[in-house]
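S.K.: Starting from the given sequences, assemble the full structure and let the hints guide the process.
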Amino acid sequence: MWPPVGLELPAAAPTSAAPCALTALLLTERLADPALAGALPINSLRNAALLAASTPLAAMVDVDLAPSASLAAQVLGPAGGSAAEVLRGCEEERGSVWILPAWETHKRLGVADGTVAAEQAIQGDKANLRRLVDSQHLHYFAKAAYSRGHAATNFSRWLEEQAPYVVPYVINYEPWFIISRRRSPAYDVRFRGYGWNKVAQVALVAASNFTFRVHPAAWLVHRPHERSRGQELYSGPAADGGAAGQLEETRLWKGSRASLSRLFHRRVSTLRHVIIRDMRRGTYRAALDPASEHCRAVLPWWGQVRR
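The numbers in the sequence shown follow the working numbering, run straight up by one, and end at 307.
Do not take every clue at face value.
Unchecked claim - Derived DEER-like restraints, expressed as beta-carbon distance ranges:
1. 207 with 123: 50 to 56 Å
2. 128 with 183: 30 to 36 Å
3. 112 with 165: 33 to 39 Å
4. 32 with 128: 21 to 27 Å
What the hints assert, rightly or not - Subject to a maximum C-alpha distance of 25 Å in a straight line, what follows is the list of computed PhoX-like cross-link-like pairs (lysine-lysine):
5. 107 with 143
6. 143 with 126
7. 198 with 107
Worth flagging that the hints you see were computed from the coordinates, not collected in a lab. The beta carbon of each residue, even a glycine, is placed where N, CA and C say it ideally should be.
M.R.: Right, dumping it as structure tokens:
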């Protein structure tokens, strides 16, 4: 399961008088196979990050995504405002998650111009974001690459809505959301690198009977960057630029040689099949490394929280 080693957490929940406080974790991992270095133990890292959180709510947001300035304004707003509504929704008996619609820049903009457009979408209001969408600077996240992962958010409706609305869960849905920190299911550490690592946790959230609500006035924006090594392991080297023309490393598997990307993709597909099967049977439980299991039991701001 390759959990990270060297995890150190403070003895007490971090406190700060400032509205924002940064808690940084230094994590290391020992690898016997150098090829695995390109497949980040992403779900182990997510579980470790969640362990360090002490706030009532948490949002597991990837490093290349930024929240809108409007979300910060709501968090710092008066008591009883929209932030209080989110908190109540997350902590009600059934529990809700609050989806933050994610946007990304058009590839034709490239990294430099895309970064400028992304920053405008982060700092501006919803009307400004709508203009960026209408001018084809932005579209919803993974619209071309993996639309089934985000289309259920109903972005065209969101652009017109002023109030929260509920969306149904569909298989392969993988939105980013705000959730009760203590009720958040763990991330399955059998996943590492690119592919279905977050989808599995969202499926578990749905199986745990959370309601999926879409936040009408806060969003996320993807900051463009070059293709990652994790993506190459999942789908093979890019056909243009970077790894173009390079021979991909192969390994012996069941009597024949196969590329690393093919073997990695096969593993992800197998895990996906097993998890969907176990969820249908009602027997699925996210694999959690022993260190995280122990920390959830003994950290004072976690107590005996079930995963």
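S.K.: Does each hint fit the structure? Answer for all of them.
M.R.: Outcome of the hint check:
Distance hint check for residue 207 and residue 123: the Cβ-Cβ separation is about 37 Å, which falls outside the suggested range of 50 to 56 Å. Separated by about 34 Å at the C-beta atoms, residue 128 and residue 183 satisfy the suggested range of 30 to 36 Å. The supplied range of 33 to 39 Å is met by residue 112 and residue 165, whose beta-carbon atoms lie about 36 Å from each other. The hint said 21 to 27 Å for the Cβ distance between residue 32 and residue 128, and at roughly 50 Å that hint is violated.
For the given pair, residue 107 sits about 11 Å from residue 143 by alpha-carbon distance, which is consistent with the 25 Å threshold. Proposed proximity of residue 143 and residue 126 is supported: the alpha carbons are some 19 Å apart, at most 25 Å. Restraint check for residue 198 and residue 107: the C-alpha separation of about 23 Å stays at or below 25 Å, so the hint holds.
Hint check: violations occur at hints 1, 4; the rest are consistent with the structure.
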